[in-house]
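Chains as they are written, first to last, in this note's numbering: chain A, 1 to 194; chain B, 1 to 194; chain C, 1 to 194.
Derived by calculation from the structure, the hints in this document are not laboratory data. Keep in mind that the hints are not guaranteed to be accurate.
Mimicking BS3-like on lysine-lysine, the simulated pairs with C-alpha atoms at most 25 Å apart in a straight line are [unchecked claim]:
#1 C:K33 x C:K81
#2 C:K187 x A:K187
#3 B:K148 x B:K81
#4 C:K112 x B:K112
#5 C:K33 x A:K33
#6 B:K60 x B:K48
#7 A:K187 x C:K31
#8 B:K148 x C:K60
#9 A:K60 x B:K148
#10 A:K60 x A:K49
#11 A:K60 x B:K112
#12 B:K49 x B:K60
#13 C:K48 x A:K31
#14 B:K60 x A:K60
#15 C:K112 x A:K112
#16 C:K148 x C:K33
#17 A:K148 x C:K148
#18 C:K60 x B:K60
#19 C:K187 x A:K112
#20 B:K148 x C:K187
#21 A:K148 x B:K33
#22 B:K60 x C:K148
#23 C:K33 x B:K60
#24 B:K112 x A:K112
#25 B:K48 x A:K60
#26 C:K31 x C:K148
#27 B:K31 x A:K148
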Amino acid sequence: MAENKRAIIVGIPGVGKTTLITRAAEMLNQKRKTTVVIFGTIMFEEAKKMGLKNRDEMRKMSVEDQRRLQDLAAQRITEMKDDIVMIDTHLFINTDEGYYPGLPMRLLSIMKPTNMVMVAADPREIAERRKSDQTRQRDIASAENIQKELDISRVMVASCSILTGAPFAIIMNNDGQMGEAAANIAKILLGDRS
Amino acid sequence: MAENKRAIIVGIPGVGKTTLITRAAEMLNQKRKTTVVIFGTIMFEEAKKMGLKNRDEMRKMSVEDQRRLQDLAAQRITEMKDDIVMIDTHLFINTDEGYYPGLPMRLLSIMKPTNMVMVAADPREIAERRKSDQTRQRDIASAENIQKELDISRVMVASCSILTGAPFAIIMNNDGQMGEAAANIAKILLGDRS
Amino acid sequence: MAENKRAIIVGIPGVGKTTLITRAAEMLNQKRKTTVVIFGTIMFEEAKKMGLKNRDEMRKMSVEDQRRLQDLAAQRITEMKDDIVMIDTHLFINTDEGYYPGLPMRLLSIMKPTNMVMVAADPREIAERRKSDQTRQRDIASAENIQKELDISRVMVASCSILTGAPFAIIMNNDGQMGEAAANIAKILLGDRS
């Protein structure tokens, strides 16, 4: 019997992560029961149970309370029993205090991922995508700064891999490669050595 | 009420870390009670309690004894009750055995920093500053080697951030930017989301 | 009395790690009792005790069983009482699931290395060596991809250093430098501050 997989999928804004995950999940669902969860959404669901009304209120909570929410979300994800659970989240979030780790050791210990996948793309393509996606009010960054974000991502994902023991793959999602990239992710998560 | 902050400030020799911290502390002290501690100095104070006379004796201690001193220093820093404690230390120290980690997980677990700040600068400026600062017998390194030290620093600070859950900021302190850099650090440490 | 050393030596295929370790061990054995162990070999010895016949069977075991084998191997290495134990292993292994960490935190906690040494070389030289070493069926990679492997290695070794508190050295082993590189490793492992 194939093992259950719990894969954390990360990537900076503009790499096309969410669309890619949806596509990979469609492919995976033909063979094994697959669920996609967005970490931030699960956190907000937990926040609503505590009486919060919107995401702005969540962002204004104390660090301590936000951590509690993160822990609850991680715990809930761990309890999901599907064959494959794909967790859509961030390695870091840009804040006034600098880069905030989205996957601190504390959360990794709770979630115990079996796989880490980092989605990347050419920095110039990421810059173009961010420019055309004005609706989401993303920061417009130069290709050079985007390269730095990718560099930090690579460092963080390798570090997460050492902490968890899970393998990490870096999947390129350049323009016109979405199908191939989704197939790569599906292949990784269907892989089974038992 | 604003939370207390315990910020670890790191940077390779020649980035102007100590002067910058002093300046940032002056700014911060106008609003909240701020203390600066130099990790190595606290270690030496603990060593003196054990009867050591000078820093050379400390450097010649066994690894085991040095670790005990580090733990004691970290513990003492954790007990400081000021609104903001800035800890001036190193990510790594160049030794005959290679790069020695100045902030191993063991110490991070004791100190539980709320913030990590890495001070950086243009490698050529760092090289120039090291050349003119002969009194401190610093190693003269090429700009290329300094770039490598900065690269390793970035890796280590990201790794520390994942271990502690604390956000990390990289502050540039190029010639003529000291005021701006200090203001940036002050802004980070006054930031409060509660 | 000099402390015992347990050094983890890592390096990507083609850096000449195994030959280099042998040479360094010869030098070290003139002064202190030194043993070299290959992590994968110790793992396979443990697998044979469980009835496995060959390494292919080992690779087909479930993740869970492989982890148990790794833990047993790490435990056995920790029990070795020689003055210097050099552990020949990998920071990561290329698999269908991506980069598999050869030194996850779990194993580092068991082995508690005193030193980390990463062997590196010029990417073009590594590419040439891989081409001429067809017998071992190594992947032929471009110098550019080899550079990426070296970059990931640097990140991982720094991360291991923070987790263990052990210093890490990066030793260059370019063509014609083997003697010097071996002497450097010997010097690091004879170093003693007690």
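Do the hints match the structure? See the list:
{"no.": "1", "hint": "C:K33 x C:K81", "in the structure": "holds (9 Å)"}
{"no.": "2", "hint": "C:K187 x A:K187", "in the structure": "violated (46 Å)"}
{"no.": "3", "hint": "B:K148 x B:K81", "in the structure": "violated (37 Å)"}
{"no.": "4", "hint": "C:K112 x B:K112", "in the structure": "holds (22 Å)"}
{"no.": "5", "hint": "C:K33 x A:K33", "in the structure": "violated (55 Å)"}
{"no.": "6", "hint": "B:K60 x B:K48", "in the structure": "holds (14 Å)"}
{"no.": "7", "hint": "A:K187 x C:K31", "in the structure": "violated (52 Å)"}
{"no.": "8", "hint": "B:K148 x C:K60", "in the structure": "violated (40 Å)"}
{"no.": "9", "hint": "A:K60 x B:K148", "in the structure": "violated (38 Å)"}
{"no.": "10", "hint": "A:K60 x A:K49", "in the structure": "holds (17 Å)"}
{"no.": "11", "hint": "A:K60 x B:K112", "in the structure": "holds (22 Å)"}
{"no.": "12", "hint": "B:K49 x B:K60", "in the structure": "holds (17 Å)"}
{"no.": "13", "hint": "C:K48 x A:K31", "in the structure": "violated (35 Å)"}
{"no.": "14", "hint": "B:K60 x A:K60", "in the structure": "violated (49 Å)"}
{"no.": "15", "hint": "C:K112 x A:K112", "in the structure": "holds (22 Å)"}
{"no.": "16", "hint": "C:K148 x C:K33", "in the structure": "violated (36 Å)"}
{"no.": "17", "hint": "A:K148 x C:K148", "in the structure": "holds (15 Å)"}
{"no.": "18", "hint": "C:K60 x B:K60", "in the structure": "violated (49 Å)"}
{"no.": "19", "hint": "C:K187 x A:K112", "in the structure": "violated (40 Å)"}
{"no.": "20", "hint": "B:K148 x C:K187", "in the structure": "holds (23 Å)"}
{"no.": "21", "hint": "A:K148 x B:K33", "in the structure": "violated (35 Å)"}
{"no.": "22", "hint": "B:K60 x C:K148", "in the structure": "violated (38 Å)"}
{"no.": "23", "hint": "C:K33 x B:K60", "in the structure": "holds (24 Å)"}
{"no.": "24", "hint": "B:K112 x A:K112", "in the structure": "holds (22 Å)"}
{"no.": "25", "hint": "B:K48 x A:K60", "in the structure": "violated (45 Å)"}
{"no.": "26", "hint": "C:K31 x C:K148", "in the structure": "violated (37 Å)"}
{"no.": "27", "hint": "B:K31 x A:K148", "in the structure": "violated (34 Å)"}
Consistency note: the structure conflicts with the earlier hints numbered 2, 3, 5, 7, 8, 9, 13, 14, 16, 18, 19, 21, 22, 25, 26 and 27.
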